[in-house]
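Enquirer: Here are the chains, one letter per residue:
Number of protein chains: 4
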Amino acid sequence: MINASIIGASGYTGGELLRLLTAHPEVEVVQATSRKKLGEYVYQTHPNLRKQTKLKFSSPTALEPTDVLFLALPHGQAQGNIEEYAAAADYLIDLSADFRLRDPDLYREWYGEEHTAPGWLEKFIYGLPELHREELSSARYISGVGCNATASNLALLPLRQAELLEAEKPILIEIKVGSSEGGASANPGSHHPERSGVIRTYAPYGHRHTAEVIQESSLENVSLTMTSVDLIRGALATVHGTVKPGVALKDLWKAYRGAVNENPFLRLVKARRGVYRVPEPKILAGSNYADLGFDLDPKTGHVISICAIDNLMKGASGSAVQSMNLALGFEETLGLEFPGLHPV
Amino acid sequence: MINASIIGASGYTGGELLRLLTAHPEVEVVQATSRKKLGEYVYQTHPNLRKQTKLKFSSPTALEPTDVLFLALPHGQAQGNIEEYAAAADYLIDLSADFRLRDPDLYREWYGEEHTAPGWLEKFIYGLPELHREELSSARYISGVGCNATASNLALLPLRQAELLEAEKPILIEIKVGSSEGGASANPGSHHPERSGVIRTYAPYGHRHTAEVIQESSLENVSLTMTSVDLIRGALATVHGTVKPGVALKDLWKAYRGAVNENPFLRLVKARRGVYRVPEPKILAGSNYADLGFDLDPKTGHVISICAIDNLMKGASGSAVQSMNLALGFEETLGLEFPGLHPV
Amino acid sequence: MINASIIGASGYTGGELLRLLTAHPEVEVVQATSRKKLGEYVYQTHPNLRKQTKLKFSSPTALEPTDVLFLALPHGQAQGNIEEYAAAADYLIDLSADFRLRDPDLYREWYGEEHTAPGWLEKFIYGLPELHREELSSARYISGVGCNATASNLALLPLRQAELLEAEKPILIEIKVGSSEGGASANPGSHHPERSGVIRTYAPYGHRHTAEVIQESSLENVSLTMTSVDLIRGALATVHGTVKPGVALKDLWKAYRGAVNENPFLRLVKARRGVYRVPEPKILAGSNYADLGFDLDPKTGHVISICAIDNLMKGASGSAVQSMNLALGFEETLGLEFPGLHPV
Amino acid sequence: MINASIIGASGYTGGELLRLLTAHPEVEVVQATSRKKLGEYVYQTHPNLRKQTKLKFSSPTALEPTDVLFLALPHGQAQGNIEEYAAAADYLIDLSADFRLRDPDLYREWYGEEHTAPGWLEKFIYGLPELHREELSSARYISGVGCNATASNLALLPLRQAELLEAEKPILIEIKVGSSEGGASANPGSHHPERSGVIRTYAPYGHRHTAEVIQESSLENVSLTMTSVDLIRGALATVHGTVKPGVALKDLWKAYRGAVNENPFLRLVKARRGVYRVPEPKILAGSNYADLGFDLDPKTGHVISICAIDNLMKGASGSAVQSMNLALGFEETLGLEFPGLHPV
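Protein chains in written order, with our numbering: chain A, 778 to 1121; chain B, 778 to 1121; chain C, 778 to 1121; chain D, 778 to 1121.
In short, the hints are calculated from the structure, not lab data. Given the structure is predicted, the values throughout are model-derived calculations rather than measurements. A hint or two may mislead.
Identical chains share a label here; the pair holds if one copy fits it or two copies do between them.
Said to hold, decoys possible - With a straight-line Cα cutoff of 20 Å, these simulated DMTMM-like cross-link-like pairs (lysine to aspartate or glutamate) come out:
hint: 1; residue 1: Lys1047; residue 2: Glu817
hint: 2; residue 1: Lys831; residue 2: Glu1114
hint: 3; residue 1: Lys946; residue 2: Glu997
hint: 4; residue 1: Lys828; residue 2: Glu1109
hint: 5; residue 1: Lys1047; residue 2: Asp1072
hint: 6; residue 1: Lys946; residue 2: Asp1074
hint: 7; residue 1: Lys1076; residue 2: Glu805
hint: 8; residue 1: Lys833; residue 2: Glu943
hint: 9; residue 1: Lys828; residue 2: Glu1108
The shape of chain A in the complex, shown without the other chains:
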């Protein structure tokens, strides 16, 4: 058994970490901080944890040494105190965007400001096991992943590994997301009468997660288009690219089958009948699976690669726990066994 603490545990990724780690057979959660909810039971904020834990939110200023420290703070807050956090734990897993990019210039370009701890960027491993399993096994500093970047990177994974894409052709990624991506704080646009039933293209281009896709895929000509739809948990990335001349459907089958065989949380969904013929995020709520699908227009070489995830799991807390499992030598899937529900 190891000890784990969570800084910023009242938000949605913090709550998901609490759910996963409370039930994790090798972990004891010793601290969960929240300034706003200080002294309250965590189940008052995360009602699914009632009768699961008696933990109360503590103050982030009273941080105790721990084995693994998870940071689930708003973006920008981790880099300011990174020395302090690193000193408090053997392993540090930061779910914010602060340490996802290796290149301070890329950070500046997409976040519009200088990174305040650029020396730390190289120390972190990008916490997506499907791309960095080996490095994560010996990592001490792990970054979280952007949920939209994750759906994109996993949709690109089989195409890149099998080198099927024309890399210089534009890659357009259309992402549809649920409302939990916006976080736990209410705003006029998240008010139920306004948010319910939307198809709202809130970012036609220029979403910050584009930087993570560029970094992890080594593709230059990538654009993300973000559209909110009526769902709570879930993100679906539809990648539009062009295959190299001669690439056929059977090459895609081989590439995708290979990827799902090598990765316990990847599944291929491509069926001719039934209701569930393509990846759909709704059945992934609470699960760490990423479901992949694809199609090819043989006339034009237009390839469509699809990835569905739960943005709070594979797109955030699930990948973080999976990365922790690798770093600490646990079974990769430990504590992440919930397969999702049907119907849901």
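Fit chains B, C and D to the supplied structure of chain A, relying on the hints for placement.
Expert: Same frame as chain A, now just chains B, C and D:
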């Protein structure tokens, strides 16, 4: 053509008034006030009105004389300035709860404070035409109606008019409502990830609209239970009562048929087949109809009376415009012809 | 490890049994039958089970002996073959309504036909551990529970155990349910454009589950009113009753606290602040918890007792697995640890 | 006043025609046919029309001569009887896909079969007034429009008219649609527990409406990707293209402003603040507006053009009535004044 102004036009009832009055053939909207949105086009807040009106929100302190003044303010604000508002217009229609009750004691009991303009209470007519058509024809001061009270009062109407109820037996009213009832301001409970998919019994008993039901029905032993469900516009009241000995299903048919024949916006929905066998609020969005249904357990005399409405229309702005039509001598249904959509 | 088989595994309760039993540490699922889906992988129908099991649907006519046999058939089919099913397994758990009632007369009254195996009725234990934990420990034949009956019976549990109710006063139970209660087969009323956003009171009185409430509560004057709302999993029962003279809020607190302390899957939700102040089914999706709440109008003695469940879990497959755990001597909560999600 | 009849009036487009034409000041609906619902009141199927019309469904074999005949049949049925239908009315408006394409080869390519009345194809005018206003003014045979094609064609309209696109670069159109696009018949995929909350990319490429976009835009390299989301009415097309070198944001502003000024049902939605900054279909339910928006990545020339519509209105019945208005010399907007609701 008459002039109309709306005080507090940035909320949901104000927006619905704007939609109805902008399209009303006998009305010109000359002023719509909002402190918060001062100077903005009304269509920036109510996006359905783009290309419908070039009106901008003006200041409530620059109120100009008008023929009809609608007050769509938060509860409690109309009574403080009632003299000023009454002086500014020939007809005053207040959609808040301030002047719905005739008895200052009843107001104190349910609102927990003294009414500050009790002398005005008797001057107002309760703006539900199905109950006060005649008085509204000569009214100058008209109150709006509570949405939940309206669904309850209309469900009770046929039973009361035909004197079918055992008045001393308890009347339990279970009301299920959509999220627009909570108004246009976001709060933690209205945040989409929290509000979507709820069945949330937020008021097991004691809802303030109970007072309007007691006043309008003359029934003493009435209790309202409020449950929020996943819908934006709509309220359904299920009234549970007991019929007098000997009352049979055919008596109920007669009573309900009579009510819907006498009232242009009441409809009876009671079918043996098809999808729409009972009243449902979803198909009433934007419509001023109230759909009624009923059933009777002949063994016990337990009568179930159902009323579905759009809370923003029949439960608020629609009844207000209908009352205005009566008071000004227009056709009762003028400007209220939209029948609702299917599917929706 | 024991073997378990499921007859009728392509429906929603069958799928939920498959999810629970596939992950259950003491159970191996050896057979799952479906005539319609014969030969297909179970994950083609229940897509959450992809990569969880390679089981295929087999024929119900090729039933092999097993330790525990679950019947998830449409109502009416189990009683015809009960001898055959009983011969095939040491333990029989029937999730249909066929063996829930002990009294053939009560069955005839509510189901409108004679029971065809009345001699078996007495052999079954009603599979709700909160009411029959002791008997279930030595049971061989266990009936499932009606989902709406379960929400009602658990809402009544603390009131009955503490003898707080005036038993002769009418008990009105208003139940709001999601769409999964209607089962896995599409019909005109379940078509998404028609079913989405409904508040549809499809059974004002006379729902068959009333019989189970009468049987289990020993209350005579009970009526259930059923309303469909927009949700997939979940049922909320709001019980309206009358307390005995002198019963106060503190007596209710004591009764409910006692009930949740004695039962691992009961929780009390009654808070003054926060979003989750009352029981809500949405956060229970996939969980076996039943959340209880209550309120009392001290002026009238009107008590409101609320119970939220996932109809496919506590209201069906969850209680069935919990009952199996008791009958076979496993830990009561084994395989039922998933706490539900937030947000969801 | 003219007479109008509707063949195939029990589906969703037929129902929407009934709603529009029943309220149209210059039209009397004399016949609405349905084999399945023969003899039933139309309001039993379209519950919003209760108290609006006493019309009953009649038999399509008892077709009487009429001024305008609307065909709302399943695709493929109009072409077989086109002579008969043309003989029965002065004006024929076919909402199916049968006469949308001018070129029989294009029809064969996309519909996979020979057109059975190819000689009629040239007689029809494509019923989208924004593209064919002049021709529609003298048309006798008018085709309906594909809903997804319409969202695409209107998104492309300003770009094409101002000749801003690099025509040889690929045009990717991502369309998100509600469930009413699938029609009024239930199927396993439209069952509420399965359809609710989906993000389901059911056609990655090759959707038949692509043919209409190619025909109307004269662009060759066009691909449509279709994704179902949780909404009933509404479609949003996001067009991804490339602008010619030198084209800047101000050129786009000019092009879009021009388009919305020339067309009564086009609106431009592009705001910097507020909730409704981009086109959203939800507020268009029941309205004939098409809301347009755009953005440009100046670094790459990647232009994103967005169009939101109600698929049953601008995407079907609304455009059909608008076309009828033009053909018969009525005011173009007559009977199409409903602006939509907020909130909704």
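Enquirer: Are the hints correct? Go through all of them and say.
Expert: Checked hints:
Proximity of Lys1047 to Glu817 under the C-alpha cut-off of 20 Å is restricted to the inter-copy arrangement: shortest distance 15 Å between copies versus 46 Å within a copy. Taking the closest pair of Cα atoms, Lys831 and Glu1114 come within 20 Å of each other only across two copies (16 Å); inside a single copy the shortest separation is 23 Å, beyond that limit. Taking the closest pair of Cα atoms, Lys946 and Glu997 come within 20 Å of each other both inside a single copy (9 Å) and across two copies (18 Å). In the homo-oligomer, the alpha carbons of Lys828 and Glu1109 lie at most 20 Å apart only across protomers (15 Å), although the nearest pairing inside one protomer, at 27 Å, exceeds that limit.
Proximity of Lys1047 to Asp1072 under the C-alpha cut-off of 20 Å is restricted to the intra-copy arrangement: shortest distance 9 Å within a copy versus 34 Å between copies. In this assembly of identical chains, the alpha carbons of Lys946 and Asp1074 lie at most 20 Å apart whether taken from the same copy (16 Å) or from different copies (16 Å). Taking identical chains as interchangeable, the C-alpha atoms of Lys1076 and Glu805 are never at most 20 Å apart, the minima being 55 Å within one chain and 48 Å between chains. Taking the closest pair of Cα atoms, Lys833 and Glu943 never come within 20 Å of each other, the shortest separation being 52 Å inside a single copy and 40 Å across copies.
Proximity of Lys828 and Glu1108 under a CA criterion of 20 Å is satisfied inter-copy only: 17 Å between copies versus 27 Å inside one chain copy.
Taken one by one, the earlier hints fail for this structure at numbers 7 and 8, listed in ascending order.
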